[in-house]
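Novice: For reference, the chains in residue letters:
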Amino acid sequence: ETGVTQSPTHLIKTRGQQVTLRCSSQSGHNTVSWYQQALGQGPQFIFQYYREEENGRGNFPPRFSGLQFPNYSSELNVNALELDDSALYLCASSPGLGSYEQYFGPGTRLTVT
Amino acid sequence: ILNVEQSPQSLHVQEGDSTNFTCSFPSSNFYALHWYRWETAKSPEALFVMTLNGDEKKKGRISATLNTKEGYSYLYIKGSQPEDSATYLCAFYGGSQGNLIFGKGTKLSVKP
Numbered sequence: 669e670t671g672v673t674q675s676p677t678h679l680i681k682t683r684g685q686q687v688t689l690r691c692s693s694q695s696g697h698n699t700v701s702w703y704q705q706a707l708g709q710g711p712q713f714i715f716q717y718y719r720e721e722e723n724g725r726g727n728f729p730p731r732f733s734g735l736q737f738p739n740y741s742s743e744l745n746v747n748a749l750e751l752d753d754s755a756l757y758l759c760a761s762s763p764g765l766g767s768y769e770q771y772f773g774p775g776t777r778l779t780v781t
Numbered sequence: 004i005l006n007v008e009q010s011p012q013s014l015h016v017q018e019g020d021s022t023n024f025t026c027s028f029p030s031s032n033f034y035a036l037h038w039y040r041w042e043t044a045k046s047p048e049a050l051f052v053m054t055l056n057g058d059e060k061k062k063g064r065i066s067a068t069l070n071t072k073e074g075y076s077y078l079y080i081k082g083s084q085p086e087d088s089a090t091y092l093c094a095f096y097g098g099s100q101g102n103l104i105f106g107k108g109t110k111l112s113v114k115p
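If you're matching them up, the sequences are chains R and G in order. So the first sequence is numbered by my numbering: it starts at 669 and just counts up by one. So the second sequence is numbered by my numbering: it starts at 4 and just counts up by one.
Chain G with its partners taken away, still in its complex shape (with noise of 0.2 Å):
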């Protein structure tokens, strides 16, 4: 059975601190990861999508990198503000039947 943990599962942090999610994934038939941000009653919206090892990518304040070897990745946000507020779910692609298989996310809150 695949599985996708992500890690922690809330957190609470000021405005203007940096902060940083781990997921961790199977190493083997790896074809991509994704990062998701979602906010309540919205549709979750596609942040990353990643498919090489040493695969580095930003958006904003935003970045995320992939260790495809050793099954993980790390979603990080620069001076988090309020509106980052929300629930970050990574999603491991294994090509199989060409679905995602999802963590349970990560909450994080950001108080002003």
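Chain R extracted, bound-state conformation (with noise of 0.2 Å):
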């Protein structure tokens, strides 16, 4: 049983630019989560997918937006970067919808300059 997995591991991008990450849900996951955590808070929820839909939000604005494929793996897509975009990029999977188990990715670090 595969664990959940991201990419990059790393990413530096420049204010005004739009970055896409990767996430693939631990085997037989059908629902994945995105956090962010910038320095010095937790996690912080931006959405969570169902199916291929989205199921709930955080307090993000919409330039933070994302999709699931069949295949239940993510992206999560940031549009017109801004600096305090820095952060790290959590993705996390479950077992279902209702579920409160979750199973966390290494992350991804971004960086805007």
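There may be inaccurate statements among the hints.
What the hints assert, rightly or not - Cβ-Cβ distance ranges computed for the label pairs, FRET-style:
#1 R:Gly708 / G:Glu42: 17 to 27 Å
#2 R:Asn747 / G:Gly57: 40 to 50 Å
#3 G:Gln17 / R:Gln685: 42 to 52 Å
#4 G:Ser30 / R:Glu721: 30 to 40 Å
Claimed, not checked - Reference listing, derived: stretches of chain G covered by chain R, where coverage requires no fewer than 3 residues with Cβ under 8 Å from a Cβ of chain R:
#5 39-49
#6 101-114
In short, the hints are calculated from the structure, not lab data. All values reported here derive from a predicted model rather than from experimental measurement. Cβ coordinates follow ideal geometry from the N, Cα and C atoms, glycine included.
Using the hints, build the complex out of the two chains.
Specialist: Encoded structure:
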């Protein structure tokens, strides 16, 4: 059974650019959540996808968007990058909607200059 | 706004010391409380998921208790070892959007 994987590990972008982060969920899991961890903070919920539909969203602007594919892998897209978007982005997969178990990937470190 | 607080923010102990951390969370709309252990550059590792008031869980030298009525959980490490050095995160699951609400974590350093 493979765990949650994320790519890339690190990324450096310039303010105003767009970025795509990728996540492969754990085998058999159909629900994916994305979190942002800024320096000195706990992870903050961005949104959750269940069977290719957005199921819930945290307090993030529309330039944060996502996709989930039929194989339940997921992408996080951020447009018009700002310096404050510099953070660790974590992906977590769950075995189903309403399951409180979440298994995390190692994260993608995004630096915006 | 739901808030999860952890204390202390950081802790430095000697090998062999026992230690404990606190997590406080909203006492309403409670579904579950998670503890994660997170080493730098690795995935957060699930230690415990606790759902019932009075729950006590144990994994080797690490144990946790839960009080949902007053909204707190304790994590205990008995006889700390250098390999216990990590950030310990707690997260509240209220079920509304399927998301976890995290504290800022307690960073533990264990000196040999």
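Novice: Evaluate each hint against the coordinates.
Specialist: Verification of the hints:
1. R:Gly708 / G:Glu42: 17 to 27 Å: holds (18 Å)
2. R:Asn747 / G:Gly57: 40 to 50 Å: holds (47 Å)
3. G:Gln17 / R:Gln685: 42 to 52 Å: Between G:Gln17 and R:Gln685, where Cβ atoms are some 47 Å apart, the hint holds.
4. G:Ser30 / R:Glu721: 30 to 40 Å: holds (32 Å)
5. 39-49: With 6 residues in contact (Cβ-Cβ under 8 Å with chain R), the coverage given for the stretch 39-49 of chain G holds.
6. 101-114: holds (count 8)
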